[in-house]
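Engineer: The chain contents come next:
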Amino acid sequence: GNSVTQMEGPVTLSEEAFLTINCTYTATGYPSLFWYVQYPGEGLQLLLKATKADDKGSNKGFEATYRKETTSFHLEKGSVQVSDSAVYFCALKGPSSNTGKLIFGQGTTLQVKP
Amino acid sequence: GAVVSQHPSWVICKSGTSVKIECRSLDFQATTMFWYRQFPKQSLMLMATSNEGSKATYEQGVEKDKFLINHASLTLSTLTVTSAHPEDSSFYICSSSGGSSYEQYFGPGTRLTVT
Numbered sequence: 008g009n010s011v012t013q014m015e016g017p018v019t020l021s022e023e024a025f026l027t028i029n030c031t032y033t034a035t036g037y038p039s040l041f042w043y044v045q046y047p048g049e050g051l052q053l054l055l056k057a058t059k060a061d062d063k064g065s066n067k068g069f070e071a072t073y074r075k076e077t078t079s080f081h082l083e084k085g086s087v088q089v090s091d092s093a094v095y096f097c098a099l100k101g102p103s104s105n106t107g108k109l110i111f112g113q114g115t116t117l118q119v120k121p
Numbered sequence: 002g003a004v005v006s007q008h009p010s011w012v013i014c015k016s017g018t019s020v021k022i023e024c025r026s027l028d029f030q031a032t033t034m035f036w037y038r039q040f041p042k043q044s045l046m047l048m049a050t051s052n053e054g055s056k057a058t059y060e061q062g063v064e065k066d067k068f069l070i071n072h073a074s075l076t077l078s079t080l081t082v083t084s085a086h087p088e089d090s091s092f093y094i095c096s097s098s099g100g101s102s103y104e105q106y107f108g109p110g111t112r113l114t115v116t
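So the sequence lines, in the order shown, correspond to chains A and B.
The opening position of the first sequence corresponds to residue 8 in the working numbering, with each subsequent residue numbered one higher.
The opening position of the second sequence corresponds to residue 2 in the working numbering, with each subsequent residue numbered one higher.
Don't read these hints as lab results, they were simulated from the structure.
One or more hints might be untrue.
[As the list claims (entries may be wrong)] Taking lysine-lysine pairs in the DSS-like style, the calculated list, with each CA pair at most 27 Å apart, reads: (1) K120(A) x K84(A); (2) K84(A) x K56(A); (3) K42(B) x K67(A); (4) K15(B) x K120(A); (5) K56(A) x K42(B); (6) K42(B) x K56(B); (7) K75(A) x K120(A); (8) K65(B) x K108(A); (9) K65(B) x K21(B); (10) K84(A) x K63(A); (11) K42(B) x K67(B); (12) K67(B) x K21(B); (13) K59(A) x K75(A); (14) K120(A) x K67(A); (15) K42(B) x K84(A); (16) K56(B) x K108(A); (17) K59(A) x K108(A); (18) K108(A) x K67(B); (19) K67(B) x K56(B); (20) K67(A) x K108(A); (21) K67(B) x K15(B); (22) K15(B) x K42(B); (23) K15(B) x K108(A); (24) K21(B) x K108(A); (25) K56(A) x K108(A); (26) K59(A) x K120(A); (27) K59(A) x K84(A).
Everything numeric in this text was worked out from a predicted model, so none of it was measured.
Chain A on its own, in the form it takes in the complex (with noise of 0.2 Å):
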């Protein structure tokens, strides 16, 4: 069945420091990827998305490549803020769904200090 594994956290970040947070999947055909974002206490809000190989999502700094050949979807962000401290869920959706129904990864917490 489809999954999705991130790295495990906490990840903990001086201010300005480049961030990856690794994401990989399984899934058969072309899913569609995507990264939230989860503030303390908040639900979650979409990030970026990608929606076929080789696209690039982008959105705040952050960028993911879907990645058909390494079953990736790694979020990067070149200079990270404070107020990027968050977890992020790594999700696909796939394309054979016809709900919508997401599969999330365990989420990574990222913790930027001062």
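Guided by the hints, dock chain B onto chain A, whose structure is given.
Structural biologist: What follows is chain B alone, placed relative to chain A:
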């Protein structure tokens, strides 16, 4: 993006009572709504998928008689936790989707504490 609200944002109830959580899609018609449960520092667990006007589809291991879901309109779905117990304490999150993109828009969540 679309706005989804949840009410209440937090609730404390006594063991054995029932609690209803509302999920509203404020600015679009949600043909499908999802209910998730999130334990502390863990990922979201899909509980059920509901389509407007039809019965919800529950994930394996989720008791449909305990977690009653109603999706009576395109803008409102409710989750009722019946005969709540302390182990039902959790963060419950809904999401809505509609149209051809199937993108999900998440509510802010409801923290339930059962004493």
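Engineer: Compare the structure with each hint and give your call.
Structural biologist: For each hint, the structure was consulted:
1. A distance of roughly 15 Å separates the Cα atoms of K120(A) and K84(A); the hinted pair therefore holds under the 27 Å criterion.
2. As the CA atoms of K84(A) and K56(A) are separated by approximately 15 Å, the hinted pair is consistent with the 27 Å bound.
3. With a C-alpha separation of about 24 Å, the suggested pair K42(B) and K67(A) falls inside the 27 Å cut-off, and the hint holds.
4. Restraint check for K15(B) and K120(A): the C-alpha separation of about 40 Å exceeds 27 Å, so the hint is violated.
5. Pair hint K56(A) plus K42(B) holds up; C-alpha atoms about 23 Å apart against a cutoff of 27 Å.
6. Simply put, K42(B) and K56(B) have alpha-carbon atoms about 31 Å apart, too far for the 27 Å limit, and the pair is violated.
7. Under the criterion of a C-alpha separation no larger than 27 Å, the hint pairing K75(A) with K120(A) is inconsistent with the structure, at around 34 Å.
8. The hinted pair formed by K65(B) and K108(A) meets the criterion: a straight-line CA distance of about 18 Å does not exceed 27 Å.
9. Note on K65(B) and K21(B): the hinted pairing holds, with a Cα-Cα distance of about 14 Å set against a maximum of 27 Å.
10. Straight-line distance between C-alpha atoms of K84(A) and K63(A) comes to about 13 Å, which keeps the hinted pair within the 27 Å bound.
11. Under the criterion of a C-alpha separation no larger than 27 Å, the hint pairing K42(B) with K67(B) is consistent with the structure, at around 24 Å.
12. With a C-alpha separation of about 12 Å, the suggested pair K67(B) and K21(B) falls inside the 27 Å cut-off, and the hint holds.
13. A C-alpha spacing of about 9 Å is found between K59(A) and K75(A), which places the hinted pair at or below 27 Å, so the restraint holds.
14. Only pairs whose Cα atoms come within 27 Å are accepted, and K120(A) paired with K67(A) is accepted, the gap being roughly 19 Å.
15. Among the hinted pairs, K42(B) with K84(A) is consistent with the structure: their alpha-carbon atoms are about 23 Å apart, no more than 27 Å.
16. This hinted pair checks out: K56(B) and K108(A) have alpha carbons roughly 16 Å apart, not beyond 27 Å.
17. For the hint pairing K59(A) with K108(A), the CA-to-CA distance comes to about 17 Å; that is within 27 Å, so the pair holds.
18. Between K108(A) and K67(B), the direct Cα distance comes to roughly 22 Å. Compliance with the 27 Å bound is thereby established for this hinted pair.
19. Distance restraint check for K67(B) and K56(B): the Cα-Cα separation of roughly 15 Å lies within the 27 Å cut-off, and the hinted pair is therefore satisfied.
20. A threshold of 27 Å between alpha carbons decides the hint, and for K67(A) with K108(A) the separation of about 25 Å falls inside it, so the pair holds.
21. Restraint check for K67(B) and K15(B): satisfied, since their Cα atoms lie roughly 16 Å apart, inside the 27 Å limit.
22. Taking the CA atoms of K15(B) and K42(B), the gap is near 24 Å; set against the 27 Å cutoff, the hint holds.
23. This hinted pair does not check out: K15(B) and K108(A) have alpha carbons roughly 33 Å apart, beyond 27 Å.
24. A distance of roughly 23 Å separates the Cα atoms of K21(B) and K108(A); the hinted pair therefore holds under the 27 Å criterion.
25. With a C-alpha separation of about 15 Å, the suggested pairing of K56(A) with K108(A) holds against the 27 Å cut-off.
26. Distance restraint check for K59(A) and K120(A): the Cα-Cα separation of roughly 35 Å exceeds the 27 Å cut-off, and the hinted pair is therefore not satisfied.
27. Pair hint K59(A) plus K84(A) holds up; C-alpha atoms about 21 Å apart against a cutoff of 27 Å.
The structure is inconsistent with the numbered hints 4, 6, 7, 23 and 26, although it conforms to all the rest.
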